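Asks: Listed below are the residues making up each chain.
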Amino acid sequence: MTQMEYAKPRSFKELDGIFESAKGPLRFIAGGTNVVPDLRAGTISPRLLVDLSGLKEMAYIREVKGEIAIGALSTISDILASRVICDKAPLLFQAARHLGSPLTRNRATIGGNLADASPAADTAPSLLAMGAMVHTRRRRGKERTIPLDRFFLGPNKTILAKDEIITRITFAKPKDPSRGRYLKLGLRNAMTISVASLAVSLEPEGSSFGGARIGLGAVAPTPVRAYLVEKKLASGAMDPKNIEACAQLITKEISPISDIRASADYRKRVVAVLFQRAIQAAVNGGTP
Amino acid sequence: MVRKTYSTIGRTTRRKDGVSKVTGREIFASDVVLPQMLHARVLRSPYPHARVVSIATAEAEAMGAVCLTPSDCPAWLYNERQVSIPEKTYRDRTVLPETARHVGEGIAAVAAKTEALAEQALGQLAVTYEPLPSVFDPWEAMAPEAPRLYKDIFLGDVVLPIERNIACFREMREGEVEQGFRESDVVVEQEFRTGRVYHHQMETKGVVCRPEPDGGISVWPTAQSIHNVRQLLGRIFNIPLSKINVHRIPIGGSFGSSIQMNTCIAICAALALKAGRPVRLVLTREEDLYDHCKYPSLIRLKFGVKKDGAIVAGEMTTVVDIGAHNIQAYPLLGCMAGWFVSLYRMPHMHFQGTAVYTNKAPACAMQGYGNPQVSFAVESLIDVIAERLNMDPIDVRLKNYVGLGETFWGQGPTVRSVIRSCGVEEMLQKGKDLIGWESRNRPEARSGRFRRGIGVGRSFHTSGTGAPMSGEVIDYSTALVKFNEDGSVDCLTPLMCHGGGTLEALTKIVSEETGVPLSKVEISPADTRSTGYDVCTHATRGVYCGGASARRAAQQARGILLQFASRILEVNPEALKIRPDEDLGQGVIYLEGAKGKSITVGEVAKTAQIKSWGTAIAVVSHRQVNCPPCFVTNFIEVEVDTETGRIRPVRAVAAVDAGTVINPDLAAGQLEGGLCRGIGLALLEDTDYDPRSGALTCGGNITDCKIFTALEMPLTEDVATFFAETEEPSGPFGAKGVGEAANNCTAGAVANAVANALGLRFTDAPMLPEKVLARWTDYLREKRGA
Ligand SMILES: Cc1cc2nc3c(=O)[nH]c(=O)nc-3n(C[C@H](O)[C@H](O)[C@H](O)COP(=O)(O)OP(=O)(O)OC[C@H]3O[C@@H](n4cnc5c(N)ncnc54)[C@H](O)[C@@H]3O)c2cc1C
Chain V
1 MTQMEYAKPR SFKELDGIFE SAKGPLRFIA GGTNVVPDLR AGTISPRLLV DLSGLKEMAY
61 IREVKGEIAI GALSTISDIL ASRVICDKAP LLFQAARHLG SPLTRNRATI GGNLADASPA
121 ADTAPSLLAM GAMVHTRRRR GKERTIPLDR FFLGPNKTIL AKDEIITRIT FAKPKDPSRG
181 RYLKLGLRNA MTISVASLAV SLEPEGSSFG GARIGLGAVA PTPVRAYLVE KKLASGAMDP
241 KNIEACAQLI TKEISPISDI RASADYRKRV VAVLFQRAIQ AAVNGGTP
Chain G
1001 MVRKTYSTIG RTTRRKDGVS KVTGREIFAS DVVLPQMLHA RVLRSPYPHA RVVSIATAEA
1061 EAMGAVCLTP SDCPAWLYNE RQVSIPEKTY RDRTVLPETA RHVGEGIAAV AAKTEALAEQ
1121 ALGQLAVTYE PLPSVFDPWE AMAPEAPRLY KDIFLGDVVL PIERNIACFR EMREGEVEQG
1181 FRESDVVVEQ EFRTGRVYHH QMETKGVVCR PEPDGGISVW PTAQSIHNVR QLLGRIFNIP
1241 LSKINVHRIP IGGSFGSSIQ MNTCIAICAA LALKAGRPVR LVLTREEDLY DHCKYPSLIR
1301 LKFGVKKDGA IVAGEMTTVV DIGAHNIQAY PLLGCMAGWF VSLYRMPHMH FQGTAVYTNK
1361 APACAMQGYG NPQVSFAVES LIDVIAERLN MDPIDVRLKN YVGLGETFWG QGPTVRSVIR
1421 SCGVEEMLQK GKDLIGWESR NRPEARSGRF RRGIGVGRSF HTSGTGAPMS GEVIDYSTAL
1481 VKFNEDGSVD CLTPLMCHGG GTLEALTKIV SEETGVPLSK VEISPADTRS TGYDVCTHAT
1541 RGVYCGGASA RRAAQQARGI LLQFASRILE VNPEALKIRP DEDLGQGVIY LEGAKGKSIT
1601 VGEVAKTAQI KSWGTAIAVV SHRQVNCPPC FVTNFIEVEV DTETGRIRPV RAVAAVDAGT
1661 VINPDLAAGQ LEGGLCRGIG LALLEDTDYD PRSGALTCGG NITDCKIFTA LEMPLTEDVA
1721 TFFAETEEPS GPFGAKGVGE AANNCTAGAV ANAVANALGL RFTDAPMLPE KVLARWTDYL
1781 REKRGA
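Note that the protein sequences, when read in sequence, are chains V and G. Under the working numbering, think of the first position of the first sequence as 1, with each following residue one higher. Under the working numbering, think of the first position of the second sequence as 1001, with each following residue one higher.
Just chain G, same shape as in the assembly:
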C-alpha cells in the first residue's frame, strides 16, 4: 500500500514543550503558588478497616490550622471516575469517610501556613477508631461470614445492596460454549495471575484550589480530564459549573493514575472552601502508593480447538480484587470480555467476571485497562495450543486472528465496530524476520547455565471508546481552531497530554489541515470555562478522537478563511488550496496552475480583521463512531540464568499498527516504554499486603516497589521498533492510537520466551528470580525422577 505524503504528519520534529520541560520551567500542579496560599496534609488511617468514632481538632486549630473532618464534608456519595453514563456509575465514597476501608485512606485533613506547620497540626489531631475485622483475599471476602466493607452503595440514583463483598458481576455468552468444547479436538485450560502493580507515575498527585469571591472555585489539578473534575466538584459541593474553573496543567506522567478525579482534589477543595483561602495539597510518594494501583488479575482461561488449530470455543472466568472502592470495575469487566473475544475468532464463548471488595488500596485503570492481564493469559494459552498441536505459534495466530472486515467489541459489549485497517499479518511476518524466528530452537536443545528463548505476543487496544450508538461509556471531544491576524493558528482543546505527545500530534494535525507551518500552530492554555467537553485522555483515544475533533475544527476554520481569501483573490473558494511555506513561516493560499493568484494566510486574516469581515474560527464537538483496534506485536528474546533464576530480556522487536503515524519518534518511544512496563509486569512489578496490619509490605516506599529502568532493558541497538503500513479510514489523516496498546502484548511475549527457554511455563506474574529458581529446581528433579 502506498502511503500518502504529508507535509507535517509523520515528520520527526522538536517537541514544542521540550524546552520548558528539560529546563525545568514547566509548571506542574505542585509548582502553582498563589498569594495567601495554605498547605494541606491529610491524616490517613493506620487501620485497614475502622470506624472513625471521633476526631478532636481543638489542639490543631489552636496552632492556627484549618481542620476538615467527615462532618464538614457533603454526605453525597461519589465515584471519582466520570466516564461511564450515570446509570452505570457505582458510587461508594464521600470526600472523607466515616469508616476507613484501607490503610492509607484519608480520614481528616488540615491546612496551615506552611507544610511543616500542617504536618505538626496533623500530629495534634486526636482520633478515636473502632477497628473492624478486615479481609484481604477476594475469595475469603466472598465467603458469607466475611467482614463486609459495605452494606449498600448507589448505582446511579438507585440504592444497591452489596452481598458477599461482590462489587459487580458480568456474564456474557455467544453461541453454545459447551457444545463448542465438545466439538473441539483439543481443550486447553490454565489459570493466570498478574500483580497489583503501582502506576509509578513520576509526579505524585497534587492540586491547588482557590475559592473565588463569587462562591466559585478555581482548580489546578493533576488530572487527565479537567471537565470531569469540574462536573464532580460541582455535584459534590453544589456549585454551578459556570463558577468552577479547572485549569489544564502539565502532568508528570500518568499511566492512568489520574483518569478519575483524584480524591485529594475533593479534600483540597473542601479545605479551600472552609478556609476561604487557596490551599495546596501534594501527596507524598507513600500516600500515592496507598492511593491507587492496577487491577490485579486472576483468570481461568479455556480454549477448545480443532486439529488444524482453529479455535472453536473460549471460556474465561475472572475474579478481580478491586480493593476498597469500586472506581470502574463494571466497565473493566466488560472490557476484559472484549479483550478476550476480540483477539481471536471464537464461535462459542462464555465470559464471567466478578469484582470483589477487599481492604486494600483501590484499583483503577492502568495502561491497558485489563488488557495486558487478559493478553498475558490468551497469548500464553495460544502458545500452549501450538505446543499441543505441534504447530508454529505464529501459524496458530495467523489462523485465528480477528482482522479486516470483522466485527470486534473492544471496550465491552456496547462498543462494537468493524475493523477497517489491519497490520496483524505484516507485523508477524516482519517481526519474525527481525528477531530471527527461524533459528528458534526447542527448549530440549538447550543446556548450560544461561538458557535463551524467543517468544511472540500479540494484542491490541481500541482507539477510544467510540461506536455508532452511544452505550455505557461517554466518548466525544471538543476543539476550537482559529486563524490569528499574522497567519498563525491557535488550537484550544481540553484534551490532556500525559507526556506521550498527544497535544503535539494535534498541532501536526491542525498544521496539516490548515496548511500553516507547524512552527505557527500552538495549543492554547485550556480551562473548563473556555472549552467544550472532552471526556478524558484515556483509552488510547487522544489522537484518534481528540485529533479528529481538532481536524474537523481546522477544516471549518479553513473553510471560513478560504471564503475571505476568495473575496480578495476573486476565485471560487472551493478551488483554493493552502500549502505551508517554511521560509515565509506562512501558509500560502493559491490557485493551482494560476500564477499571481496566491496570498498568505496572514494577509488574508489581517485583511479580514481590517475590513471587519471577522475571524476564521470554528468550534467542533465530535464523536468518533468507531474505535478501531491498534494492533501490537512483540517478539522478545530472554536469557534465564538457571543458577539465580534471573530473567534478562536481551532482544526485542516491538511493532504497532497505529495507522498513519503522526509523531514517529514519540510513537516509537511509546513502544519502548510499553515494552519496559510490560516486561516489568511479567518479571517484577507487584504490591503486597501484610494480612496482619493491612499495610503494604513495601511500606509505601519505592525502595521495595521497583520498576525496571533502562539498565534492565535490552540495549537500544537490540530493540527494533516499526510501524505497520496501514491507514485507518475513520482516523484523522488515517491515524489510530498507540499508548496502551504498546504495553498490552509484552507480558505474554515474555512468558512465551521463558517457556521456550526452559520448557517450563510460568502463568503467574511476576516471575521473580526466586520463584523461577524454585520451579526450575522442581522441574529438573521431576524430569530426573521420571
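Isolated chain V, as found in the complex:
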C-alpha cells in the first residue's frame, strides 16, 4: 500500500471543495468492502480516498408515488430490513439476501455494488430486471439520470465521470411483486461469488408473458439485460415450448468467460437451467 490522503465530506458542498483542491487520482469509498481489498491487493492506488459515508442524506429507502428510491449509501442490510423492499420489491430483497455474509452486508452499500461494476454484482440483475435508473451528481450539483443498462461499460468500468457519484437508484414499483425471481449459482450456498445469476420480473397478461424483463450476472463483461429473450418470451405463449426455446436463445445472447470459478461452457449451460427455473417460479408466483 502506498501513502494516500483521506477526506470525509459531510455535505455536497464539502465534497465540491475536495474536488477543487484534489491533486492526483481520487477514489470514493462507501462501505469499503471492495475498496479495502483492492487497496491491499494493489489493484488500485489512489492519492486521495474520499469517504462518502458522511453524506448522511444518501442513506434512505422510500416509496414516492409508485416509485421506489434507494439512497446510494443504503447498506445491503438496510435493504433487507426495509418493509418497502420486502413487500414491494422482493426481487431486490432476494438478491440482497444472497450478497456476502451478514458482516459484509452491514457495510456494503448498494451504490458501491453498482459502482464497483463487477459482472457478478448481486444487486445488478434484479435492478436491471426492474428497469432501474441511476441518479448521479457531479461537481457543483450537475445531475443526470442513467438507465442501469447503460451504466456498466466493462468489468469494473462504468459511465461515471471521475467526479461523479451515485446519489440514488430508482425504479417503478413492480406491478406484481410476486412475479420476480432471483437465482444465483455459486460454489456454495452463501458467501460466494456467482458463477451465474439471473433475475426475472414478469408482468403476465392473460396467457402471454407480457412485459418480461431479465437481468443476468457473471455471464458477460457486465451485468446485462437479455433483450432478445425478453422479446421472444413476450411474443410467444406462456407455455413450456416457448420457455424451452428461450432457454436455448439465452445461451446465445450471453458472452461468458472462463475463469477460476467456471468455464464459459458451464456458465452457458447453467444459465439456461437458471432461466427455466426462475421463469417457472415466477409464473407460479407466490413468495420465494
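A couple of the hints might just be wrong.
Think about it this way: if two alpha-carbon atoms lie no more than 25 Å apart in a straight line, the pair counts; the simulated DSS-like pairs of lysine-lysine are [unchecked claim]:
1. G/Lys1771 <-> V/Lys268
2. V/Lys56 <-> V/Lys175
3. V/Lys142 <-> V/Lys8
4. V/Lys173 <-> V/Lys231
5. V/Lys268 <-> G/Lys1783
6. V/Lys175 <-> V/Lys232
7. V/Lys65 <-> V/Lys88
8. G/Lys1783 <-> V/Lys252
9. V/Lys268 <-> G/Lys1706
10. G/Lys1274 <-> G/Lys1113
For the record, the hints were derived by calculation from the structure and aren't laboratory data. It should be emphasised that the depicted structure is a prediction, and the values quoted were computed from it without experimental measurement.
Based on the hints, put chain G with the ligand in the right spot on chain V.
Replies: Just chain G with the ligand now, kept in the frame of chain V:
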C-alpha cells in the same frame, strides 16, 4: 459390553476456556503486546524460482527499520518439523533462503515501530532477482532435463544429493504380490486424486519474540509443540535451551498447520535478536495461503480378490507433489503405506511412494496425514469390488477388515501394534440402520433431475505414534500434577489444545483419577522452561498419549496425598479411596464402610503444608507402547442436481470408536467438523497454480479458495453421530483418539454415495459441479449411443 461409570469422564460439562473465548478475552499470539515492541513484515518472492542476487536495505534502514536478509541469518539448514528422529529428518531450508523456490517464499524481512511503517519499509527494499526455470508438475519434475530445485540437502548430518527432484522414495512388500494377483478371481485397479487443500485454520500464523538480557529469547508462537520450537531455535541460533522460553498460547485452529515450527517464527526470532527489541510478526491470509497446504495425492490402487470377496493382494503406487520443501514426506509415505495395509487384510502387498519437489508452497500434515487421501482410494475401490462381485459393500468390508487381535502398522512400518479394542462391526451395523441402508436402490432405479444415493466409508487413525520399540518417530509426553493447599489441583503439561478440547479432557482425566471435582482442577499456563518434553499435539495423540501421562502423574500425586491422609486418619493408605463431593467442592478421602474415617483433600493438603510434610506432587514422562486405531465410519446420502452438477449432502451418520469418550459433546463436534472438511475434500477444496507465473490462481485470497460452511452441510437434525461401545485397555480410562479419524473416511463415503446416485464413479476429487455435469453428459451420451 457394560461401560464403567465414571464421575467426570464422559460427562458433558461447560468448557473451562469457553467464557474467555466467546467473550474475546482469550489472548492469542497476535494479541501479545510488549513494551518497545516492533512490528515485522516479510518480503516474499514474486517468482516461483529465482536466485536472490542482492537486497539493498539502505532506504528501508533510513526510515528506521531493522532489516533482515539471508546474509544476516545462520547458514544451518533446518527442517521445521521435529517429530522424526534426527537420522530421518530431511533438512533443506534456512531462515531466509538465497534462492526462492516458490512464489510467496520469504526472502527478507523488516521490523519497524508500526506495522504501517514496516509495510512502507518493505516497499523500499530493492531486490535483484535472477529468475530460474521452474516446474510445477511432479511428473515433469522427475524428467532428467527438468529444472532442479536442489542439488543436495541434508538427511540427518549426511549430505543427500537430490536426483530428478525426488525428495524421497519408499517401497514396502509383504508376501508375493504378483502371485497374489494371479491367485485372485477378480482384479480391480484405478487411479485416484485429491486436491492441494489449504488448512483454512481461522487464525493465521503469528509470533512475538523478545530477546532477553542474558542472550536468551522468549517466544509466544502459534504452535502445536512449544518444545520443538525451542529445540529448533536453540539449534538455529546456537542458544542454550535453558535460555529459550517458549510459551504455550491458545491457537485459533490448526488442522495440522502448526505441527512444525512455522517459518515465520525463525524469521521473527532473527529480527528480534538483531533489533534487540521484541518483534511481532503475524501473517496475512495471503501469506498464510502461500505457507503450507495438505499433501495432494495421486494414487494408483489395485486389489485382487477371491469370488467370495476376500482380498488376496493389494498394490498402491503414489506420487506426492510436496512443493518446495521436504517437511515430512518420508514419514508421510510410511504412513500412507500404513493406512493402506491396515484397513483391510491383504496377505500380499506392495507399496511404492515417491515424493517430488515442485515450485509450489510446501505441503505438510493436515488432518489425517495422508489418510483421507488413501481412504478415499481404498474405500472407493472396495465399492468397486462389491459392484464387480455383486456383493453388499458392507459385507465386503465386514469380510476383510483388520480387527481385534490383529497387528496393524498405522504410522508406518516401525509403528506396529496389536488391536485390543474394535467397534468396526458395531458401527457398520448401527450406521446401516440409522441411514436406512436397506432402502438403498441401485442407480438404474433413479430418474429425474435430482438423484440421491447412499454411500458408506470406513477408516481409522492411530491414537498417537507409540509402539513397543522406539522407531523413526518420537512419541512421549510429560505432565505434572499437584494438590494445592485448598484441595484444588494444578496440572502442568506442554500439551497443546487446537480447540477440540484436549486440555479439557486432561482436566477430566485428572479429576477422575484424583477424585477432586472438575471445578477444582485446572491446567496451568505452560512454557518450555517449566515443563518436560511433549512431542506435539498431532497424530490424534492428545488424549491417548498426553492424557495417559497426566493420569500417571495424577496417580502418583494421589499416592503421596493418601500417604499424608493415612497419617492423619491412621489408616493404611492402600485402603483409602477418594470421591468427589460437588457440594463441598472437595475430594473426600474415606475408608469404605468406616464412618468417621474421612477427610477432605483440602484438609489433608493444608495439614501436610502446616506440618511441613511436603506437597503431593508428581511429574511423569511417559511413552505409550501402543497406538490403537480409532475406527470411524460414515454413511452419507447425497443429492446430485443433474442439471447443474451440484452435489448436496442431505443426510449423514458419523460414528467413531474412540474407546471411552471423555468429552462427548466435543467428540461429536469433532465428528461433525471432520465430516464438513471431508465433504469439502470430496467436493470443493483445492488450490491451483498458474504455470506461467507460479502464483496461486486464487491469488492467496479465500474469495476463491473456499471451504464449506454449516449452510452446505446437512441440517443438524439430519446428522447423527454416535460412539462405539468400546474400551481401550491401554488408554487413559479406556480412551483412544478422535481428531483426525473424524475426517478420514468422509471423502470415500461421498464418492460411494455419488456413484450410487448416478451409476458414475468419480475418482478425482474435488468433484466440482462443472466436472460432474460434463462427465454426466458424456455418460448419458455413451449410454444412449450404446
Ligand atoms: C467478504 C466479501 C464478500 C462479498 N460478497 C459479495 C457478494 O456475494 N455479492 C456481491 O455482489 N458483492 C460481494 N462483495 C463485494 C462488495 O461487498 C459489494 O460490491 C458491495 O456492495 C460494495 O459496496 P461498498 O459500499 O463496500 O463499496 P466500496 O468498496 O466502498 O466501493 C466500491 C466501488 O464503488 C465506488 N463507490 C462507492 N460508492 C459510490 C457512490 N455512491 N458513487 C460512486 N462510486 C461509488 C468506489 O469508489 C469503489 O470503486 C463481497 C465483498 C466482501 C469483502
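Asks: Each hint should be assessed against the structure and marked as holding or not.
Replies: Hints, one by one, checked against the model:
For a cut-off of 25 Å, the pair hint linking G/Lys1771 to V/Lys268 stands: about 14 Å separates their Cα positions. Under the criterion of a C-alpha separation no larger than 25 Å, the hint pairing V/Lys56 with V/Lys175 is inconsistent with the structure, at around 31 Å. Annotation: proposed proximity of V/Lys142 to V/Lys8 holds, straight-line Cα distance about 20 Å (limit 25 Å). At roughly 22 Å between alpha-carbon atoms, V/Lys173 and V/Lys231 fall within 25 Å of each other, so this suggested pair holds.
Of the pairs offered as hints, the one joining V/Lys268 and G/Lys1783 holds, with about 24 Å between alpha carbons and a cut-off of 25 Å not exceeded. Between V/Lys175 and V/Lys232 the CA atoms are separated by roughly 21 Å; this keeps the pair inside 25 Å, and the hint holds. Between V/Lys65 and V/Lys88 the CA atoms are separated by roughly 13 Å; this keeps the pair inside 25 Å, and the hint holds. Among the hinted pairs, G/Lys1783 with V/Lys252 is inconsistent with the structure: their alpha-carbon atoms are about 28 Å apart, more than 25 Å.
Proximity of V/Lys268 to G/Lys1706 is assessed by CA-CA distance (about 23 Å); at most 25 Å being required, the pair is judged to hold. Among the hinted pairs, G/Lys1274 with G/Lys1113 is consistent with the structure: their alpha-carbon atoms are about 15 Å apart, no more than 25 Å.
Checked against the numbered hints given earlier, the structure breaks hints 2, 8 and satisfies all the rest.
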